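Visitor: Respectively, the protein sequence lines represent chains A and B.
For any residue, its number in our numbering is found by taking its place in the first sequence, counting from 1, and adding 1413.
For any residue, its number in our numbering is found by taking its place in the second sequence, counting from 1, and adding 180.
Hints in this document: simulated from the structure, not taken from any laboratory.
A quick note: this is a predicted structure, and the numbers were derived from the prediction, not measured.
Note that beta-carbon positions come from the ideal geometry of N, C-alpha and C, so glycine has one too.
All the given hints hold, so there is nothing to weed out.
Negatives, chain B to chain A, calculated, CB over 12 Å: (1) F184; (2) T327; (3) T329; (4) F335; (5) Q364; (6) T394; (7) W400; (8) V421; (9) Y458; (10) E467.
To spell it out: a stretch of chain B is covered by chain A in this simulated footprint if at least three of its residues, at any positions, have a beta carbon under 8 Å from a beta carbon of chain A; those stretches are: (11) 252-260; (12) 479-487.
This is what each chain is made of:
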Amino acid sequence: MDTLLLSRIQFGANISFHILFPTITIALGWMLLFFKVKFSTTGESKWMDAYMFWVKIFALSFAMGVVSGITMSFQFGTNWPGFMETVGNVAGPLLAYEIMTAFFLEAVFLGIMLFGASRVKSWVHTLATFLVAFGTTMSTFWIIVLNSWMHTPQGYELIDGVVHATNWFEIVFNPSMPYRFVHMMLASGLTVAFLIAGVSALRMLWGDRSESVKSALRVGIFTGAALIPLQILAGDFHGLNTLEYQPAKVAAMEGNWDTGPNVPLVLFALPDQDARENRFEVAIPNGASLILTHKMDGVVPGLNDFVGENGEVLHPPVAPVFFGFRIMVATGMAMLLLSWGGLVLLRKYGADSMPKLALYAFAGMSFSGWIATLAGWYTTEIGRQPWLVQGVLSTKDAVSDVPAGMVLSTLIGYLVIYGLLVLAYIGVITYLARKAARGEALPTRNFPRRGDSNVAALQPGE
Amino acid sequence: MDYFGDPAVWLPWSFAALMGLSILIYVVLDGFDLGVGLLMPLADDAEKDRLVASIGPFWDANETWLVLAVGLLLVAFPPAHGIILTALYLPVFVMLIGLILRGVSFEMRAKAPLAQKKLWNGAFFAGSLMASLSQGFMLGMYIMGLTWTLPHVGFALLTAVFLTVGYSFIGAAWLIWKTEDRLQARAIGWAKGGIWGLILGIGAISLATPFVSTRIFDKWFSWPEFAYLSPLPILSVGLVVFLWWQLSRMPLRNDRWSWTPFAAATGLFTLAYGGMAYSFYPYVVPETITIYEAASAPESLFIILLGTMFVLPAILGYTILSYYIFRGKARALRYD
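Using the sequences and the accompanying hints, generate a full structural model.
Guide: What follows is the structure in structure tokens.
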């Protein structure tokens, strides 16, 4: 393998590992604010219990997000120097604004949010929680702006091969930004909804019948059921936007080789890029035309339109985009089914006597948001290839000339560490759930509490 | 944009200053919390918890200064960012793995099953060590002009050790300020044991830098520059003497002056850093690319600077607020 492919895999590995944690913290921050406000207004201790349980998972996820994010800021220079050299005039200010308006806000107020409850007034603590949630959202906004600009660049001019910004409004509000931002925010909301529902279900399976776990289950199911239709709608809009600006990506997603009307919706196939056809295709007639153009005989672009005269391939690699898209959609459908089914069961049986099978299903879907999010990102990012910035900078022109062996060895290092850490992360969440299910004291019963009585029995950071 | 003269001059200069400031703040702030991580193996189990508690509310934000520093290098001097980081590919990798291990173990040691705590304490130390050593190594390589030759790597290995000991010194100084009684007494001992790293480190860098290039040599050893610059070494020596004397008579009654070792260490870091900045200016890649050659387009820099003028004071403000809220001696960390 060459430096280019290895660098792509390395960046992919780093950013995949990184995005797992922001996907949780973005929406979990707002969820914690909800728990806190709910406690402040109702005075019911179950909300504080929920807050105290989930704030630990938030702290852990946040730490993992911060440290894996530091890696990202170095990867540009170590592996992709051509990126900043070419589009630095646009990417630079966007990244700078992300660091300045979001990172510091999150990081500083996180300290107060986590450890300051006994040191500041309750409203200051609530404000700190709000600022952390707001910071994570700002961070999402700026990075999505940059990412979307890489897909649908505008508001710039090229001078001697270097991008110069001409209109910041056009850059920030580039055509795909609103869709991608909404899609990602909802993805985060769904990830957290299913994580909360799943972990709560797990605790109930272990015999936990506390008010807090039942409320959390309800909140998780309601949130999931409310967001998933919105997400499907947002995804559809996003797809139409992609059709307009990146038809090759849509062609790869659909596994459609020839441009034409009445294109079927391919449910399953093995796309063969060398033979330029699909094997074992299972399809619904006219389906893709209907979804993408809302007409049976609407014209859908095909991959064969994106082949150069001398046979060079100008469209993304088909199989990963094709399968990534299907995994995302399938996970979304499973989410729809489970959350709406869960809603019906909640109405019928109440949280107290949910059928065991349903609890197992929710527990099994705890990390389904991760799968859908990753699959979605792979679809859109691999779908942009061979471009790094669509139509402006190709990926191969941005890569560094570091020897392939060096990239490979560091890649292996990252993968080993990331694998272990994901396992440890899931392990700790399970452990915390088991500990909570056994009813081991959560240090929250008399919140808000001042001073530091009976500290001895506690672990720091708990 | 033209109010201060040519924007292609004052904008790169401002960004070099901002980047320099961020690196300095990073080195001091993450220096002390990396240092506390380095001291972990010396502490017993209860003390370990207190060590971690002393940096708990701050470390996230401290590391953000690194992101800002690298971010400014990235956005203001893109070609330099590429050259420096590809040259330092391996040490950067080691540092990143170290920072990841550290951040994760920080949380894990408190949340994972008790049986794993030892493991995560070990990972916390190992991560701190990897990050400190690699930063020191990168410092040495940077001074030597980013070329991988045997003598350069040898020098970089030396600075790696010195910076690591230097970090453990400022970490100990932080602990003298933030802890009390037995732990504080031990921290004083650790600081005494670590001060040589600071002295040798600053000494080695001060001696080596002028001989790397005649340009830097002439910047220091010519009249009248030599006279203007003399306060730098004199103040540094003064601070070292002060630290030595202060540490030898600590702890003082009623915890008086317990903040002074940390303040003096910060002063030393700042002076050494100022000297380095003076040596290397106007180059961002030593002796190869100046800040003016590497700078992004003025329009883009101006947009960032505009935001910085509003946001940076706010960042400094709420950072100070956070240190104020968590003032006084470190208490056990708890979420309620």
